[in-house]
Amino acid sequence: RLYKNEDVIEFDWVVGSIPLYDSRGFGTGKEIVSIFQTAMDTDGKFYTDSNGRQTMTRIRNVYRPWTKNITKPTTYNYYPVVSWIYLKNETEDLQLTVFPDRPQGGTSLRDGQIELMLHRRLQYDDGFGVEEPLNELGVDSRGLIAKGKHLVYLGSIADSQRLLRTVSNRLVYAPVYSFSEKSRSLLDVPVPRVSGLDMSLPPNVHLLTLEQVGEDKLILRLEHQYPGVQGEGLRESVVISLKHLLKSLTITHVEETVLSAHQYLRDSQRFRFETLDSVSE
Numbered sequence: 001r002l003y004k005n006e007d008v009i010e011f012d013w014v015v016g017s018i019p020l021y022d023s024r025g026f027g028t029g030k031e032i033v034s035i036f037q038t039a040m041d042t043d044g045k046f047y048t049d050s051n052g053r054q055t056m057t058r059i060r061n062v063y064r065p066w067t068k069n070i071t072k073p074t075t076y077n078y079y080p081v082v083s084w085i086y087l088k089n090e091t092e093d094l095q096l097t098v099f100p101d102r103p104q105g106g107t108s109l110r111d112g113q114i115e116l117m118l119h120r121r122l123q124y125d126d127g128f129g130v131e132e133p134l135n136e137l138g139v140d141s142r143g144l145i146a147k148g149k150h151l152v153y154l155g156s157i158a159d160s161q162r163l164l165r166t167v168s169n170r171l172v173y174a175p176v177y178s179f180s181e182k183s184r185s186l187l188d189v190p191v192p193r194v195s196g197l198d199m200s201l202p203p204n205v206h207l208l209t210l211e212q213v214g215e216d217k218l219i220l221r222l223e224h225q226y227p228g229v230q231g232e233g234l235r236e237s238v239v240i241s242l243k244h245l246l247k248s249l250t251i252t253h254v255e256e257t258v259l260s261a262h263q264y265l266r267d268s269q270r271f272r273f274e275t276l277d278s279v280s281e
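For the sequence shown, position 174 (counting from the first letter as 1) is numbered 174 according to the UniProt record's numbering, and the numbering increases by one without interruption.
By construction, these hints were calculated from the structure, which means they are not laboratory data. It is possible that some hints are incorrect.
Below, simulated EDC-like cross-link-like pairs (lysine to aspartate or glutamate); rule was C-alpha separation at most 16 Å, straight line [what the hints assert, rightly or not]:
(1) K45 with E90
(2) K72 with D126
(3) K88 with D43
(4) K30 with E136
(5) K88 with D111
(6) K217 with E256
(7) K217 with E255
(8) K45 with D111
(9) K147 with D12
(10) K149 with D12
(11) K88 with D159
(12) K147 with D101
(13) K243 with D198
Pair by pair, the computed Cβ-Cβ distance ranges are [claimed, not checked]:
(14) R235 with R270: 23 to 33 Å
(15) V238 with D125: 49 to 59 Å
(16) E181 with S23: 44 to 54 Å
(17) E211 with S23: 48 to 58 Å
Don't be surprised by glycine CBs; every beta carbon is placed ideally from N, CA and C.
Kindly generate the complete structure, drawing on both the sequences and the hints.
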């Protein structure tokens with residue numbers, strides 16, 4: 001689908017149920033993927049998010065210190081994709097970005113190609129700790145049917161980078177719709193418009209958390225969404241007045257915590273790992 005005034009293309013996908021046996025009666029596991037193919041020269045590189053917070057550079061078939069031989073190249077090059085995966089070519093100033101609506105495995109096994117795992121059904125345990133095959137059944141005792149969507153954007157690198165957080169946040173914070181039979185009692189229910197903030201935030205600042213954790217305590221998390229994005233002042237530092245942002249409250253004390261908010265920043269100590277100078281053979 002291509003909606004009016006939208007920059008992204010929406011692809012719906014439906015997979016399942018996945019049969020365990022083929023027409024000859026042989027059983028085998030199956031993994032279903034979606035592939036987006038371009039003619040871009042990407043030099044073996046692709047990029048995935050890290051829990052929606054930052055972007056990690058991935059290089060196909062790169063050797064890691066603990067790996068000597070790549071015996072399973074597909075598995076070896078798969079990475080978790082929570083919010084986005086993209087390819088880019090700086091010479092052509094072109095970037096292809098795919099936004100999944102849920103965490104999926106992703107890779108780029110060939111230049112110009114993005115692959116995302118949609119669904120799978122296996123007959124045997126994969127040996128990664130679950131100790132059972134991935135063979136989930138529905139209420140009909142058949143394999144599960146999975147449904148979802150991908151949003152795809154193809155454009156300049158600068159425009160693509162600006163859209164990363166905008167589009168991914170739209171998927172994460174999508175409204176949840178519910179329906180009921182029409183009745184007069186429901187129509188008479190007042191729908192108040194309530195906001196925890198008393199002013200709008202700048203476009204490059206996102207309210208991540210505003211949560212009451214005690215009778216007189218709040219956790220407020222604000223994040224800079226575009227620290228490395230050029231243009232429109234998005235990467236600039238911003239000063240925000242908490243007094244004006246929360247002017248309906250009386251603020252008596254403010255103290256910075258670590259990101260998980262379980263410890264004050266002044267009390268935190270970074271854990272230092274003891275490392276070896278070389279990896280044992």
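Structure-based check of all given hints:
Pair hint K45 plus E90 holds up; C-alpha atoms about 12 Å apart against a cutoff of 16 Å. Between K72 and D126 the alpha-carbon distance is near 13 Å, which keeps this suggested pair within the 16 Å criterion. In summary, the hint linking K88 to D43 is supported, as the alpha carbons are separated by about 10 Å, within the 16 Å threshold. With a C-alpha separation of about 13 Å, the suggested pairing of K30 with E136 holds against the 16 Å cut-off.
With a C-alpha separation of about 10 Å, the suggested pair K88 and D111 falls inside the 16 Å cut-off, and the hint holds. Under the criterion of a C-alpha separation no larger than 16 Å, the hint pairing K217 with E256 is consistent with the structure, at around 13 Å. Distance check on the hinted pair: K217 and E255 sit about 11 Å apart at the alpha-carbon level, within 16 Å; holds. For a cut-off of 16 Å, the pair hint linking K45 to D111 stands: about 8 Å separates their Cα positions.
A C-alpha spacing of about 8 Å is found between K147 and D12, which places the hinted pair at or below 16 Å, so the restraint holds. For the hint linking K149 to D12, the alpha-carbon distance of about 4 Å falls within 16 Å, and the restraint holds. A threshold of 16 Å between alpha carbons decides the hint, and for K88 with D159 the separation of about 12 Å falls inside it, so the pair holds. Among the hinted pairs, K147 with D101 is consistent with the structure: their alpha-carbon atoms are about 10 Å apart, no more than 16 Å.
Under the criterion of a C-alpha separation no larger than 16 Å, the hint pairing K243 with D198 is consistent with the structure, at around 10 Å. Take R235 and R270: their Cβ atoms lie about 26 Å apart, and the range 23 to 33 Å holds. For the hinted restraint 49 to 59 Å between V238 and D125, the CB-CB distance of approximately 50 Å keeps it satisfied. At roughly 46 Å, the beta carbons of E181 and S23 sit within the given window of 44 to 54 Å.
At roughly 55 Å, the beta-carbon separation of E211 and S23 lies within the given 48 to 58 Å, and the hint holds.
Of the hints listed earlier, there is not a single one the structure fails to meet.
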